[in-house]
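**Student:** Spelled out from the first residue to the last, the chains are:
Number of protein chains: 4
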Amino acid sequence: MAAPTYYTLPAKCQADFCLIPVGTTSPSISTYISQVELLATQSGLKCSTHDHGTAIEGSWTEVMNVIGQAHALIHDAGVQRIYSDVRIGTRTDK
Amino acid sequence: MAAPTYYTLPAKCQADFCLIPVGTTSPSISTYISQVELLATQSGLKCSTHDHGTAIEGSWTEVMNVIGQAHALIHDAGVQRIYSDVRIGTRTDK
Amino acid sequence: MAAPTYYTLPAKCQADFCLIPVGTTSPSISTYISQVELLATQSGLKCSTHDHGTAIEGSWTEVMNVIGQAHALIHDAGVQRIYSDVRIGTRTDK
Amino acid sequence: MAAPTYYTLPAKCQADFCLIPVGTTSPSISTYISQVELLATQSGLKCSTHDHGTAIEGSWTEVMNVIGQAHALIHDAGVQRIYSDVRIGTRTDK
Numbered sequence: 003m004a005a006p007t008y009y010t011l012p013a014k015c016q017a018d019f020c021l022i023p024v025g026t027t028s029p030s031i032s033t034y035i036s037q038v039e040l041l042a043t044q045s046g047l048k049c050s051t052h053d054h055g056t057a058i059e060g061s062w063t064e065v066m067n068v069i070g071q072a073h074a075l076i077h078d079a080g081v082q083r084i085y086s087d088v089r090i091g092t093r094t095d096k
Numbered sequence: 003m004a005a006p007t008y009y010t011l012p013a014k015c016q017a018d019f020c021l022i023p024v025g026t027t028s029p030s031i032s033t034y035i036s037q038v039e040l041l042a043t044q045s046g047l048k049c050s051t052h053d054h055g056t057a058i059e060g061s062w063t064e065v066m067n068v069i070g071q072a073h074a075l076i077h078d079a080g081v082q083r084i085y086s087d088v089r090i091g092t093r094t095d096k
Numbered sequence: 003m004a005a006p007t008y009y010t011l012p013a014k015c016q017a018d019f020c021l022i023p024v025g026t027t028s029p030s031i032s033t034y035i036s037q038v039e040l041l042a043t044q045s046g047l048k049c050s051t052h053d054h055g056t057a058i059e060g061s062w063t064e065v066m067n068v069i070g071q072a073h074a075l076i077h078d079a080g081v082q083r084i085y086s087d088v089r090i091g092t093r094t095d096k
Numbered sequence: 003m004a005a006p007t008y009y010t011l012p013a014k015c016q017a018d019f020c021l022i023p024v025g026t027t028s029p030s031i032s033t034y035i036s037q038v039e040l041l042a043t044q045s046g047l048k049c050s051t052h053d054h055g056t057a058i059e060g061s062w063t064e065v066m067n068v069i070g071q072a073h074a075l076i077h078d079a080g081v082q083r084i085y086s087d088v089r090i091g092t093r094t095d096k
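Chains as they are written, first to last, in this note's numbering: chain A, 3 to 96; chain B, 3 to 96; chain C, 3 to 96; chain D, 3 to 96.
These aren't lab readings, by the way, just hints derived from the structure by calculation. Think of the CB as a built atom: it goes at the ideal place given N, C-alpha and C, for glycine as much as any other residue. The reader is advised that the hints may include incorrect statements.
[To be verified] In the EDC-like style, the derived pairs of lysine to aspartate or glutamate whose C-alpha atoms are separated by at most 20 Å in a straight line are:
#1 K14/D to E64/D
#2 K14/B to D78/A
#3 K14/D to E64/C
#4 K96/B to E59/B
#5 K96/B to E59/A
#6 K14/D to D53/B
[To be verified] One-sided excerpt, in silico: chain C residues whose CB lies under 7 Å from chain A:
#7 D18
#8 G25
#9 H52
#10 A57
#11 D95
[Stated by the list, open to error] Okay, the calculated bits of chain D under chain A, using three or more residues with CB under 8 Å as the criterion:
#12 21-29
#13 83-95
Chain A with its partners taken away, still in its complex shape (with noise of 0.2 Å):
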């Protein structure tokens, strides 16, 4: 197999992920949710919360980067196991 070309990651995204923390033995998962948000607000990156996850703006690799470390966050938090669905999109026209 040929090298594959290597394509320039978007310099810009509008994302909105949504995280679930698994086996948290509660169903409340707000205090979470809460930490998420605050890493989210304090990544400098554009953000704004809803009642069904966080939307983010800013390059492909900032934006991937704040999600990664919200999983980092909660596992560090002492959740074994994070599922995250996550809206991408980019635009070449604006």
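Start from chain A and add chains B, C and D according to the hints.
**Tutor:** Positioned in the frame of chain A, the structure of chains B, C and D alone reads:
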């Protein structure tokens, strides 16, 4: 604001993404999806495809880079707007 | 195979959906999304919109019917293929 | 407000859902997922499972009823909170 603590990105994650090119004129998007699947395969990461997406495993950064490159590839093919839905799981218990 | 037990559909759910018309020629889909938001509002269910979707609450059947009607509405507007990502939560503890 | 027009729900859709029980004590949720897969199989609809979900085809109502019953089944099994991510596609061109 104090400098935020930096969390190490997960060394392993299991993702499943469904990429939708937007504004393609035709409702048939299989040509684009084939290119995405080829890119995933050529990434060297463990991956497989199914009717509603592509499953891919690796470190957080590796996996997110492949999905981001898939966006870049499809933009390169002339599509101005792309949407992806990504399901991502991380675990520390196995 | 024995006849499966039938489970009563949840009396309440909280959903958040993001509808993407496919094959629209233009990458701009805001005209369609406005129609979807109007339909959700007119449903009489509690709903709100944000940058990445529409949140809607009601019984399982009510909510899924609104999302299904949103697909029907956009097909009616001439779009041949539609994709939605739906996040749905149900709880029995509150 | 004028009475909204009612749109007929799609006669056919292709869905893929990933159900996550929340507050399960253990991070292992495979017992629950097996029950969901069995329910989907017993529904009589065309379905298949993969690492990140269950694909299912049928009318809009049939498919959404199966997913709603999966929530009811898992609540019945003692789980108080459930989250699902659903990808749904409808087409009028084939």
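**Student:** Which of the listed hints are not met by the structure?
**Tutor:** Hint check: 5 and 8 fail, others pass.
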